[in-house]
Amino acid sequence: MNEQLAFTIEVFANGLMAGVLYALVALGFVLIYKASGIFNYAQGVMALFAAMTLVGIQNGQVPFAHLINAIFGTDVHKFGWSVHSFVAIVLTVFVMIALAWAVQRFVFRHLVGQEPIILFMATIGLAYFLEGVADLMWGSELKALNVCSSDGTCLPQGMNMWLEGTTYEALGYGFFIDNLDIVASIVAVILVVGLVMFAQYTKQGRAMRAVADDHQAALSVGVSLNFIWILVWSLAGFVALVAGIMWGAKSGVQFSLSLIALKALPVLMLGGFTSIPGAIVGGLIIGVGEKLFEFLIGAPFLGGATENWFAYMLALLFLVFRPQGLFGEKIIERV
Amino acid sequence: MFYREAGDFSSTYAEDQQTFPIKFDRYRYYLVLFIAIVVVPFVINDYWVNSLLLPFLIYAIAAIGLNILVGYCGQVSLGTGGFMAVGAYTCYKFMTGVDIWWGGELLFRLPEFNIFFSVIMGGVMTAVVGVLFGLPSLRIKGFYLAVATLAAQFFLVWMFNRISWFYNYSASGQINAPERDIMGVLLTGPSVQPWAAYLFCLFFTITCAVIARNMTRGASGRKWMAIRDMDIAAEIIGVNPLKAKLTAFAVSSFFIGISGALFFSVYLGAVEVGEVFGIQKSFLVLFMIIIGGLGSIFGSFAGAAFLVLLPVALKVVGVDWLGWPTDIVAHLQLVIVGGLIIIFLIAEPHGIAQLWRVAKEKLRLWPFPH
Chain D
-5 MNEQLAFTIE VFANGLMAGV LYALVALGFV LIYKASGIFN YAQGVMALFA
45 AMTLVGIQNG QVPFAHLINA IFGTDVHKFG WSVHSFVAIV LTVFVMIALA
95 WAVQRFVFRH LVGQEPIILF MATIGLAYFL EGVADLMWGS ELKALNVCSS
145 DGTCLPQGMN MWLEGTTYEA LGYGFFIDNL DIVASIVAVI LVVGLVMFAQ
195 YTKQGRAMRA VADDHQAALS VGVSLNFIWI LVWSLAGFVA LVAGIMWGAK
245 SGVQFSLSLI ALKALPVLML GGFTSIPGAI VGGLIIGVGE KLFEFLIGAP
295 FLGGATENWF AYMLALLFLV FRPQGLFGEK IIERV
Chain G
89 MFYREAGDFS STYAEDQQTF PIKFDRYRYY LVLFIAIVVV PFVINDYWVN
139 SLLLPFLIYA IAAIGLNILV GYCGQVSLGT GGFMAVGAYT CYKFMTGVDI
189 WWGGELLFRL PEFNIFFSVI MGGVMTAVVG VLFGLPSLRI KGFYLAVATL
239 AAQFFLVWMF NRISWFYNYS ASGQINAPER DIMGVLLTGP SVQPWAAYLF
289 CLFFTITCAV IARNMTRGAS GRKWMAIRDM DIAAEIIGVN PLKAKLTAFA
339 VSSFFIGISG ALFFSVYLGA VEVGEVFGIQ KSFLVLFMII IGGLGSIFGS
389 FAGAAFLVLL PVALKVVGVD WLGWPTDIVA HLQLVIVGGL IIIFLIAEPH
439 GIAQLWRVAK EKLRLWPFPH
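Going down the list, the sequences are from chains D and G. The opening position of the first sequence corresponds to residue -5 in the working numbering, with each subsequent residue numbered one higher. The opening position of the second sequence corresponds to residue 89 in the working numbering, with each subsequent residue numbered one higher.
Be aware that a few hints might be false.
As the list claims (entries may be wrong) - Listed next, with one range per pair, are the computed distances between beta-carbon atoms:
1) 105/G <-> 136/D: 40 to 48 angstroms
2) 192/D <-> 386/G: 45 to 53 angstroms
3) 386/G <-> 136/D: 39 to 47 angstroms
Read the hints as simulated data drawn from the structure, not as lab findings. None of the values given here were measured: they were computed from a predicted structure. Built from N, CA and C at the ideal position, the CB exists for glycine as well.
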């Protein structure tokens, strides 16, 4: 088999995996946007916050330890226990629900009916706020994230030997694919199927879709907007936690985790803000596109690191021809 | 008692249409100008200039520029950092003489520009780039546009990082401002007198503010605002959206480019593009105009002053008085800035400028309640 072609296919496969992770973050955006018309820039920071909280709970850190020490002159850092991963994840989910409630109660309840762009800016403020709180709570240093089940198997790291061996025997070229990426893809698929089932077949899911369709009509048939919004933010928090675990296990929990939110934006633009399948397809296109572009054009001709901007440029060009994205609802404007 | 229009009669159209029709406002404006130009240069020292006044003046220009685009024309942009970088690198190239290469040979080299014209060229070039990235705004709206401007941000920063022509092939990849003067007074480089740098920036700030103020209350400003309020309706009553949006992008980028050029040449002196003109800078300037007031020139100044002062004040209180570690204060600053953004958007979406307007309204009636 042609070496160059095999290499390209490998890059393609890795791009697909990266795309799944982008899609995971983008999913959280779509959920909130559909139900409340808020474009939640803070989604990435929520992933960071969730991952930091998870690590903090696992390691038994005292929240706000640095601040407490600075104010009272004490020297506390840890409770001295470590919590099992599963329990820590459940606790983190509760923290994210509490966060969803707080965000709804203290921020967006007061901003109902404002211009979408004002809401967007409020979420940028929220992103800064959350990032500061997360750093104050758990400290800003790089943390390793290990999620293990009770029998001691952890999220796998490193490359998949089986895949490499098989492809080497069959094609004469071993494909290098991260184990973690494979797990992330499976988790993402389960998550998407779960969310779609939830939206289609449960009472809350139907209410959620009703709110997305028309706030006032939903209100008039007795759907509690407040509850639905908290529900949606909690779901987004849960998606953020999953994304945070995957990205955190891949590259450690640190500030740059929140920047993946920025990568999710072009994904959304490609897929359309209002479509869950769009988020997935957009993520895959961006993931594959930027890896292939970097491999075929960026690194040889443009001096590399084109991954920083390729996604945005692609989205920009794409939008000029189709302003509502691939799967978005057609924008109709009236005076 | 003293702030009112009663007894202030205009007898010509020019008087009626001046920027500050109320006498008190006008005298206050002259007083501020007088203090800024005549008094301040004699009393300042290095610390004041470098940690407060220069950043304030330069950010004020950037905020005015962004406010024209976001506040007046309603096109949200997250590319401010990238545009500032264009200003900075253009200024650098013109300061050191632009070299044009063709086929591996040096075709010719422009003479080194005076620092003043280098800064202006920074603005002009940024305006061109701004228009280029503004073209999609004719098709894309709202956050779609905001995200599209991110393309400008990341692409421009990448370009200045990778193409060595922009930093004159220096090994460090940085650009360093060489020493330049106007009529013997040093303006860039390490041994600049504080008052000279201050006056140079002040000149640009005042000029930009006056231009912006007059543009926004003239025909072009009204067109921008019509586009902002509802672009389709504006188009129907005869505003050309192509022209209005692109002029907004051009004027806004021009100011942002000037501020980027000054930021590099006068304030920092040496720039590494990813650090200085990253996405954080775009957000910082956006926050300035949200806190200061969207669609207000005064608001741009107020927001710039607020966000320049806040970190300094926090540092003084947190680190110097309370003795806290600097990282806690830095995190607290994030919390406070983020919280303030939310509070302002909830309580006063028009920012500090609106508070000022309300205060003036109260003053006008004082001491009577109605």
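Against the structure, the hints:
1. 105/G <-> 136/D: 40 to 48 angstroms: 60 angstroms, violated
2. 192/D <-> 386/G: 45 to 53 angstroms: 50 angstroms, holds
3. 386/G <-> 136/D: 39 to 47 angstroms: 43 angstroms, holds
Hint violations for this structure: number 1 only, all remaining hints satisfied.
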